[in-house]
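Novice: The primary structure of each chain is shown beneath.
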Amino acid sequence: AQTVTQSQPEMSVQEAETVTLSCTYDTSESDYYLFWYKQPPSRQMILVIRQEAYKQQNATENRFSVNFQKAAKSFSLKISDSQLGDAAMYFCAYILTSGTYKYIFGTGTRLKVLA
Amino acid sequence: DGGITQSPKYLFRKEGQNVTLSCEQNLNHDAMYWYRQDPGQGLRLIYYSQIVNDFQKGDIAEGYSVSREKKESFPLTVTSAQKNPTAFYLCASSIGSSGYYNEQFFGPGTRLTVL
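Top line first, the protein sequences correspond to chains H and V. Numbered by the working numbering, the letters in the first sequence go through residues 1 to 115 in order. Numbered by the working numbering, the letters in the second sequence go through residues 1 to 115 in order.
Treat the hints as calculated values from the structure; they're not laboratory data. We put the CB at the ideal spot given by N, CA and C, even for glycine. Check the hints yourself; a few may be wrong.
[Said to hold, decoys possible] Restraint ranges, calculated between C-beta atoms of paired labels, are given here:
1) 30/H <-> 15/V: 42 to 52 angstroms
2) 14/H <-> 27/V: 35 to 45 angstroms
3) 62/V <-> 40/H: 24 to 34 angstroms
4) 7/V <-> 46/H: 36 to 46 angstroms
5) 14/H <-> 18/V: 46 to 56 angstroms
6) 80/V <-> 63/H: 43 to 53 angstroms
7) 26/H <-> 62/V: 24 to 34 angstroms
8) 78/H <-> 40/V: 38 to 48 angstroms
9) 26/V <-> 11/H: 33 to 43 angstroms
10) 86/V <-> 16/H: 34 to 44 angstroms
11) 70/H <-> 102/V: 19 to 29 angstroms
12) 58/H <-> 14/V: 48 to 58 angstroms
13) 41/H <-> 59/V: 19 to 29 angstroms
[Stated by the list, open to error] Subject to a maximum C-alpha distance of 30 angstroms in a straight line, what follows is the list of computed DSS-like cross-link-like pairs (lysine-lysine):
14) 78/H <-> 102/H
15) 71/V <-> 73/H
16) 57/V <-> 112/H
17) 9/V <-> 112/H
18) 102/H <-> 83/V
19) 73/H <-> 55/H
20) 57/V <-> 71/V
21) 14/V <-> 83/V
22) 102/H <-> 70/V
23) 9/V <-> 102/H
24) 83/V <-> 9/V
25) 71/V <-> 102/H
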């Protein structure tokens, strides 16, 4: 079965601190793309970061980075120097590179940033 | 600017009525999607379309219908058969070219409330 599990329904972090959101997924395929999306209170979904499964190097985007462990099927998101604007729902997702156009999403982690 | 528009932002429906949610994109994307989001839950796929004049059921298609007559447009009709239609609806698109899957781009969403 193709699934994405985000085991932390809610997380809190102090402003300027670092937080890691976990994500595990299940697929028997070897080629896929992984994504983290942010949904702030406005509910507009925004791409945070993307990782190609064939790349061993972890993706980074400014204060956002991932820890991609392909064998463990783990794709965690690290947010450094957390800011109040980072408060949002974060969704992990993936899509296979062939055979389907269907994206598989997790249930999300709500991140609270404390001033 | 390229993007995805959804209208209306808020929609109220009486029980027994059909309503149509609009989704338009000018990104020249082949693939388009409709998701439903309920409070505290992730995204559930209603329908998706890989190309004009073709679409597939997602995980919760019952009570919904779609059309894809133009590349730019993918309207969703919520029919009276949908037992609990009150939710937030998100439209998305992606390049969708075979062998090249990029991130999904999302519209701002439509909040549907059944009175």
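Novice: With reference to the structure, classify each hint as holding or not holding.
Specialist: Going through the hints against the structure:
1. 30/H <-> 15/V: 42 to 52 angstroms: holds, 48 angstroms
2. 14/H <-> 27/V: 35 to 45 angstroms: Given a distance of about 38 angstroms, which is inside 35 to 45 angstroms, the answer is holds.
3. 62/V <-> 40/H: 24 to 34 angstroms: holds, 31 angstroms
4. 7/V <-> 46/H: 36 to 46 angstroms: violated, 20 angstroms
5. 14/H <-> 18/V: 46 to 56 angstroms: holds, 49 angstroms
6. 80/V <-> 63/H: 43 to 53 angstroms: holds, 47 angstroms
7. 26/H <-> 62/V: 24 to 34 angstroms: This hint holds: roughly 26 angstroms between Cβ atoms.
8. 78/H <-> 40/V: 38 to 48 angstroms: violated, 24 angstroms
9. 26/V <-> 11/H: 33 to 43 angstroms: Roughly 36 angstroms apart at Cβ, these two residues keep to the hinted range, so it holds.
10. 86/V <-> 16/H: 34 to 44 angstroms: holds, 39 angstroms
11. 70/H <-> 102/V: 19 to 29 angstroms: Because 20 angstroms falls inside the window, the suggested range holds.
12. 58/H <-> 14/V: 48 to 58 angstroms: Holds: the Cβ-Cβ distance is about 51 angstroms, inside 48 to 58 angstroms.
13. 41/H <-> 59/V: 19 to 29 angstroms: With a Cβ separation near 26 angstroms, residue 41/H and residue 59/V satisfy 19 to 29 angstroms, so the hint holds.
14. 78/H <-> 102/H: Satisfied, since the Cα-Cα distance of roughly 26 angstroms is no more than 30 angstroms.
15. 71/V <-> 73/H: Given pair residue 71/V, residue 73/H is violated - Cα atoms ~35 angstroms apart, limit 30 angstroms.
16. 57/V <-> 112/H: Violated. Residue 57/V to residue 112/H sits at ~35 angstroms, over the 30 angstroms cutoff.
17. 9/V <-> 112/H: holds, 26 angstroms
18. 102/H <-> 83/V: holds, 25 angstroms
19. 73/H <-> 55/H: Roughly 14 angstroms separates the two Cα atoms, so the pair holds.
20. 57/V <-> 71/V: holds, 18 angstroms
21. 14/V <-> 83/V: Given that 30 angstroms is the threshold and the Cα spacing comes to 12 angstroms, the pair holds.
22. 102/H <-> 70/V: holds, 20 angstroms
23. 9/V <-> 102/H: Distance of about 25 angstroms is within 30 angstroms: holds.
24. 83/V <-> 9/V: Measuring from Cα to Cα gives roughly 21 angstroms; hence the hint holds.
25. 71/V <-> 102/H: Cα-Cα ~18 angstroms, so holds.
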